[in-house]
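Q: Each protein sequence line maps, in turn, to chains X and B. For what it's worth, numbering that gives the first Met the number 0 labels the leading residue of the first sequence as 0, then goes sequentially. For what it's worth, numbering that gives the first Met the number 0 labels the leading residue of the second sequence as 0, then goes sequentially.
Hints are computed from structural coordinates only; laboratory data are not their basis. For every residue, glycine included, the Cβ atom is placed at its ideal position computed from N, Cα and C. One should not assume that every hint holds.
Pairwise CB distance ranges, derived in the manner of DEER restraints [stated by the list, open to error]:
hint: 1; chain 1: B; residue 1: 210; chain 2: X; residue 2: 53; range: 17 to 25 Å
hint: 2; chain 1: B; residue 1: 385; chain 2: X; residue 2: 100; range: 54 to 62 Å
hint: 3; chain 1: X; residue 1: 53; chain 2: B; residue 2: 138; range: 30 to 38 Å
hint: 4; chain 1: B; residue 1: 211; chain 2: X; residue 2: 10; range: 31 to 39 Å
hint: 5; chain 1: B; residue 1: 425; chain 2: X; residue 2: 142; range: 52 to 60 Å
hint: 6; chain 1: B; residue 1: 211; chain 2: X; residue 2: 204; range: 36 to 44 Å
Simulated crosslink set (BS3-like; lysine-lysine; CA at most 30 Å straight-line) [stated by the list, open to error]:
hint: 7; chain 1: X; residue 1: 127; chain 2: X; residue 2: 208
hint: 8; chain 1: B; residue 1: 191; chain 2: X; residue 2: 40
hint: 9; chain 1: X; residue 1: 238; chain 2: B; residue 2: 350
hint: 10; chain 1: X; residue 1: 40; chain 2: B; residue 2: 196
hint: 11; chain 1: X; residue 1: 200; chain 2: B; residue 2: 350
Incomplete in silico selection of chain X near chain B, CB under 10 Å [to be verified]:
hint: 12; residue: 15
hint: 13; residue: 22
hint: 14; residue: 26
hint: 15; residue: 40
hint: 16; residue: 54
hint: 17; residue: 71
hint: 18; residue: 74
hint: 19; residue: 86
hint: 20; residue: 164
hint: 21; residue: 167
hint: 22; residue: 223
hint: 23; residue: 230
hint: 24; residue: 234
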Amino acid sequence: MYEIIKKEMLTPLISRMVVAAPRVASAALPGQFLMVRVDEKGERIPLTISDIDAKNGTVTIVTQEVGASTRDINALPQGAGFLDVVGPLGQASDFVKLPQEQLAQMRYVFIAGGVGTAPVYPQVKWLKAHGVAVDVIIGARTRDLFIYVDEMRAACDHLFLCTDDGSEGFHGLVTARLEALYAEGKRYTQAVAIGPMIMMKFAAATCRKLELPVIVSLNTLMVDGTGMCGACRVSVGGKTRFACVDGPEFDGWEVDFDEAMRRQGQYRNEEQEAREHHECRIGRDK
Amino acid sequence: MANRIPRVPVREQDPKVRAHNFEEVCLGYNLEEAMLEASRCLHCKNPRCVTACPVQVQIPDFIAKVAEGDVAGAAAVIAKDSSLPAVCGRVCPQETQCEGSCILGVKGEPVAIGKLERFVADESRRTAAGKSLEGKACRTRPEKVAVIGSGPAGLACAADLAKMGYGVTIFEALHKAGGVLEYGIPEFRLPKEVVLKGEVDDVRALGVEIETDVIVGRTITVDQLFDEEGFSAVFIGTGAGLPRFMGIPGENLNGVFSANEFLTRNNLMKAFRDDYLTPIRAGKKVCVVGGGNVAMDAARTALRLGADTSIIYRRTEVELPARREEVHHAKEEGVDFQMLCNPVEVLGDEKGWVRALRCIRMELGEPDESGRRSPVPIPGSEFEIPAETVIMALGTSPNPLIANTTGGLDANRRGCLVADEQGATTRPGVFAGGDAVTGAATVILAMGAGRTAAAAIDKYLKNK
Chain X
0 MYEIIKKEML TPLISRMVVA APRVASAALP GQFLMVRVDE KGERIPLTIS
50 DIDAKNGTVT IVTQEVGAST RDINALPQGA GFLDVVGPLG QASDFVKLPQ
100 EQLAQMRYVF IAGGVGTAPV YPQVKWLKAH GVAVDVIIGA RTRDLFIYVD
150 EMRAACDHLF LCTDDGSEGF HGLVTARLEA LYAEGKRYTQ AVAIGPMIMM
200 KFAAATCRKL ELPVIVSLNT LMVDGTGMCG ACRVSVGGKT RFACVDGPEF
250 DGWEVDFDEA MRRQGQYRNE EQEAREHHEC RIGRDK
Chain B
0 MANRIPRVPV REQDPKVRAH NFEEVCLGYN LEEAMLEASR CLHCKNPRCV
50 TACPVQVQIP DFIAKVAEGD VAGAAAVIAK DSSLPAVCGR VCPQETQCEG
100 SCILGVKGEP VAIGKLERFV ADESRRTAAG KSLEGKACRT RPEKVAVIGS
150 GPAGLACAAD LAKMGYGVTI FEALHKAGGV LEYGIPEFRL PKEVVLKGEV
200 DDVRALGVEI ETDVIVGRTI TVDQLFDEEG FSAVFIGTGA GLPRFMGIPG
250 ENLNGVFSAN EFLTRNNLMK AFRDDYLTPI RAGKKVCVVG GGNVAMDAAR
300 TALRLGADTS IIYRRTEVEL PARREEVHHA KEEGVDFQML CNPVEVLGDE
350 KGWVRALRCI RMELGEPDES GRRSPVPIPG SEFEIPAETV IMALGTSPNP
400 LIANTTGGLD ANRRGCLVAD EQGATTRPGV FAGGDAVTGA ATVILAMGAG
450 RTAAAAIDKY LKNK
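Sequences and hints are given; from them, build the entire structure.
A: See the structure below:
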């Protein structure tokens, strides 16, 4: 069992858990993900890693309830545990391989949406620790749905908040905020967009317009996460790639987002049914 | 004359019934049937069946015990050479190995060696009531060996090394041990709880530790196994897990799956059971592309999930690489076979879901390098098969992860690890065997390679 050392709810639907997984913690790098299984009958659920503490052997995961399995995850109390935590999976972010002199030339802007803000955090922390200039734009529907605002403010150079309803920060989408920054004369050498697929699609389009290279992190369907099943296949630059082993980060200009969004919804009917009929088992079996 | 007795037929679930459930197809012999069948063995002086067995099970010896009704004695004979008899009795291609070499097969039907092996394994487990057949091996050697992958190659290698007295840890990437036996082969051919788990537990009982959720190459590297975890040798038995696709238009439509995905959802994740959360989708009509055992498994799984199912294969039935028994079972259950037929495009509806598979008729041309006649498309013969789901069962290749993260470890063009006949790779102390070296093959060949490598590792460590 992989114990949940600490748990808190960041919003009514988003939890943050610190989980004891020493092997994962000692190997994980920014950009990678892991998979969890709550119990014997549970799905293998891919989750991004939002913090890594190799010394204490823990990783932090942030989970948004979107269906039966994520509801089961969020119902786990502190002190309980996951039956399985496996990882790290996927490739680390490209920047961890860049030589220091090249890194020093970079100016990053992160575009984060919703629960995608969590995996942005370790990347921003890593870059700042390596002396790289980093700005962050976070978008949310409304102010109550922001996560990681304080952590991010402490970690990055400039933080820009946007809300769809204008309840906090810039009134509008993250893409409009980026364009506004460019209009003010800001320039970046690399963007990274992590959030809902639709946000990444438009962020990539905006970056392309601004001639700004952009990396996106794809949260596709997965079963094993090790390259065995191909459920995660995406078209990147016209070629089929596996998000689990070739990704999860890809060149945002090249990703076929329409196909990725369609494929992501492949089990929507089944998931809907599970959400309605699956009564949460947590706490009843034990 | 013993050989006047006809081969004792094995009881099976009625095809009409089993087409709707995931219970095992073959019901196996009872003691009486097994003893009768065992009495047919001629006990040849030079038993060709033993030579033909990749792990050299002493077949006539165990059959003699069965003929006497000594099941425990038979199990002890098998256990000397095989740690997975209940598995092998079910999934080995006996017709091309032990039974294919049986003298009785020249004029009549060979001894049902596979069914007898299965009987011995099942019956001894039932009567031993969960007790291990062999008990813990004695740790007599100081060295520890890391085995990567808990499929047939890894289990066989680990069992032999433990019996030799080494400390052995198996690292498994998935959450359950068994490899392809767990994720690939369906319940109706190889029941997981009753059969597979028992044999994996027997390997554990020898003192082998199995650590799941460890992906070597990601969670830990081969170098770390040597440098930080104190292992003196490594065996790589990671199989061939990467699915192939055809590269035809429409392959990324919703409803196109690799056989690996479809089977992993169903087998490892138990999606066929309502109480498990992982979803699976077959729909009303499924086309499975390919002609191997995996294609048969996928088709028979889709059928059991309620779909009208067709196998699409570009050559003829004679060339089907699947075992005869699997083809026969699939047909009995109602799987449709479209031979000399090759997909050229997957067609989708306006929402991006599969609606049909566009195929072209083929004819057999000249033999290729494998000696099989190559299929050639007949121009203008394209036609559509309506389908909601298309499953690609085109073979698999080894996962490149370990080769890519281990210095000095060479792989060939096809991604297979380079190893000599003893399993030694290009890196000292690292051995490999099974599908990771050969590409997708059989359970028993992988076990044979695991055993060979165990002997080589022993020699390597003693000479070190």
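Q: Indicate, hint by hint, whether the structure satisfies it.
A: These are the hints, each one checked on the structure:
no. : hint                         : verdict
1   : 210(B) to 53(X): 17 to 25 Å  : 19 Å, holds
2   : 385(B) to 100(X): 54 to 62 Å : 59 Å, holds
3   : 53(X) to 138(B): 30 to 38 Å  : 32 Å, holds
4   : 211(B) to 10(X): 31 to 39 Å  : 33 Å, holds
5   : 425(B) to 142(X): 52 to 60 Å : 59 Å, holds
6   : 211(B) to 204(X): 36 to 44 Å : 42 Å, holds
7   : 127(X) to 208(X)             : 27 Å, holds
8   : 191(B) to 40(X)              : 15 Å, holds
9   : 238(X) to 350(B)             : 21 Å, holds
10  : 40(X) to 196(B)              : 17 Å, holds
11  : 200(X) to 350(B)             : 19 Å, holds
12  : 15                           : 22 Å, violated
13  : 22                           : 5 Å, holds
14  : 26                           : 6 Å, holds
15  : 40                           : 5 Å, holds
16  : 54                           : 16 Å, violated
17  : 71                           : 8 Å, holds
18  : 74                           : 13 Å, violated
19  : 86                           : 7 Å, holds
20  : 164                          : 31 Å, violated
21  : 167                          : 36 Å, violated
22  : 223                          : 6 Å, holds
23  : 230                          : 5 Å, holds
24  : 234                          : 6 Å, holds
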